[in-house]
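J.: Next come the chains, spelled out residue by residue.
Number of protein chains: 2
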Amino acid sequence: MTTTPWATGLQLRSLVTADARLELSLQSVETPTPGEDEVVVQVQASPINPSDLGLLLGPADIGTARTSQNANGPVVTFDIPERLMRMVAARVDESMPVGNEGAGVVVATGSSPQAQALLGKTVAVLGGAMYGQYRTLPVASCMALPDGTAPAEGASCFVNPLTALSFPEVMRREGFSALIHTAAASNLGQMLQKICLKDGIGLVNIVRNAEQEKILRDIGATHVVNSSSPTFMDDLTQAIVETGAYLAFDAIGGGRLAGQILTAMEIAANKTAKVYSRYGSTQAKQVYIYGGLDTGPTELNRAFGMMWGLGGWLLTPFLVKIGPVEGQKLRDRVVAELKTTFASHYTRELSLADVLNPEIIAAYNRKATGEKFLINPGLG
Amino acid sequence: MTTTPWATGLQLRSLVTADARLELSLQSVETPTPGEDEVVVQVQASPINPSDLGLLLGPADIGTARTSQNANGPVVTFDIPERLMRMVAARVDESMPVGNEGAGVVVATGSSPQAQALLGKTVAVLGGAMYGQYRTLPVASCMALPDGTAPAEGASCFVNPLTALSFPEVMRREGFSALIHTAAASNLGQMLQKICLKDGIGLVNIVRNAEQEKILRDIGATHVVNSSSPTFMDDLTQAIVETGAYLAFDAIGGGRLAGQILTAMEIAANKTAKVYSRYGSTQAKQVYIYGGLDTGPTELNRAFGMMWGLGGWLLTPFLVKIGPVEGQKLRDRVVAELKTTFASHYTRELSLADVLNPEIIAAYNRKATGEKFLINPGLG
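Chains A and B are the protein sequences, given in the same order.
When we follow the numbering used here, the leftmost residue of the first sequence carries the number 1, and every step to the right adds one.
When we follow the numbering used here, the leftmost residue of the second sequence carries the number 1001, and every step to the right adds one.
Please note: incorrect hints may appear among the correct ones.
Now the stretches of chain B that chain A is said to cover, found in silico as 3 or more residues with beta-carbon under 8 angstroms [said to hold, decoys possible]:
| hint | stretch |
| --- | --- |
| 1 | 1159-1167 |
| 2 | 1317-1331 |
Which chain A residues stay away from chain B? Per the calculated CB distances, all over 10 angstroms, these [stated by the list, open to error]:
| hint | residue |
| --- | --- |
| 3 | Pro5 |
| 4 | Gly110 |
| 5 | Glu299 |
For the record, the hints were derived by calculation from the structure and aren't laboratory data.
The beta carbon of each residue, even a glycine, is placed where N, CA and C say it ideally should be.
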């Protein structure tokens, strides 16, 4: 067997130790030789999504970062508050690779025609362990991108696009007819606005400042309400009356916003109700929390009757629920509209070593609207 | 037309005025002459359920009660805090009858054989406006009780029994296999415990003190956990591990309890999980809030992954959802077990005038476990 350039590569690892520390490091790992129906992808672009941070940083106290070195480069270690250790009890002492999705070029394949057909192609992957230089994967996990697509353009093919496309699917399946979205100027939020414009779906965007409002107005948004405005509740209620949006997807999670949305829905429903109902409106009202930009407690004043629901929402169980045929339709649409509806914008490209830099960690952990980080493991 | 004893009767009314007051009074109202398929019920027993208090007292500040008189007896008036007026905007200036359910004797009927067959019978009714001396109703709204059933025994045939019977139905329909119940020593909670014992369903009862625990142990409860105990979270988690109860019905609503239940469910699920999941356990976890014994805000720390739901739950929409055939099965079971499983215990019988007495209002508004009030409109 001859030595191949992809035989080993650096991989980012996150490790929680029993003495309440979280350590990020680079490990040199052997790349598994591809089986018959497998390929080796040289990863060139993998985004840092909020959904990656749970595994990457967990409940670590970012302020306690201290750095050291191992043979492969920097190591950064954090303390984990003792009371939060039970959240990560199941992963103690297990060195975990990170990175939900990414894109790269197929540099080796197994013997099957399907695998060989991918050699040299740019593919997008939702496979986990993407914060590394090489990744051996089944052909079925790879989505070949059209010729002329750069890995950076295909890095975010799955998490944000499929999440954004899923919201209208949930809406239809649960009998709603319009949507509310929070943190709406995010990459995901912009995708959702473009989808809703294209598909004729009413969308109420909730943002926190005028800059975010402008981002959405500039791509054609009609309903944008600012939660920092003194007229927020009235504006939101009016937008719900105009759109009939009784289903919300909330990326914030903590604080009073989810409850405010349910309250505004209730007021809007009662504005159109004909008779008084002692238990509140009969309009079904649902908020799904799909992110945790605010990790603080969620507070509900429950001034919204009894016909309401609040719940967690995750992409993967939803895709399992709708099945592979419906899921493939969503994926096909992502590829077809990759450079338009689903174009992602990155503000900074990072090497694997950069991801372990405390200053940069503080930046990507901020999850600020308009800031989006892309890892290129090829940079080392 | 000859004068009949039932031609007019006293009826309790709740009125919200535009100047932010709520007034309870007795009105003398004409009893509608029964149509072909209708009967007139002389109401002799109607419970004060927590679910009646929303309409009866609404957001009134009970401490502001002052009394006066009208031609029919006492009148009691309360202030409504201005900020809560929007909750009752839809009922301003509409004098509303109160009382979801009750029982009485049929004293007049329409011409149909079905109506005439009920003459002299004791019937239970879920019809609204039961806090009054007479009530004209369709035959279809009346459930004839077996001979020898006193109206007081049949007064609570619907709200508590059907709610308690619905919880296992929801459990089965949503794929859960055991239940958690809060405020579990209530009349409703005791019914639920009896149902679960009879039907072999695991039930975790949450109570607030040792007396309530004893009430449930005395009727055969296995799992009773006390939320005032320092070991509450551990006890609850252990009971969930033992029963597999991932569906809870919560009568409290406010405070941290609903979130604590979801947290204990998550810990219990992770105790049996084989692999670490970055988004928390894959076990579906649901809490339905069906009451508001604590009207304060609900606080969720969301330390329970992403597979969770919290929502309002109401009996009527659930009965609509399962349809008349399934609903009738539940009703038949209530009648069959009226003196056993579904026996209600009342601590005090009230006249209509008593219901307007500020001291008695303070007592029934306390919604204390073990205290249950029955109105007998025949007492005036």
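J.: If a hint holds in the structure, say so; if it does not, say that too.
T.: Hints and how they fare:
no., hint, in the structure
1, 1159-1167, "violated (count 0)"
2, 1317-1331, "violated (count 1)"
3, Pro5, "31 angstroms, holds"
4, Gly110, "27 angstroms, holds"
5, Glu299, "5 angstroms, violated"
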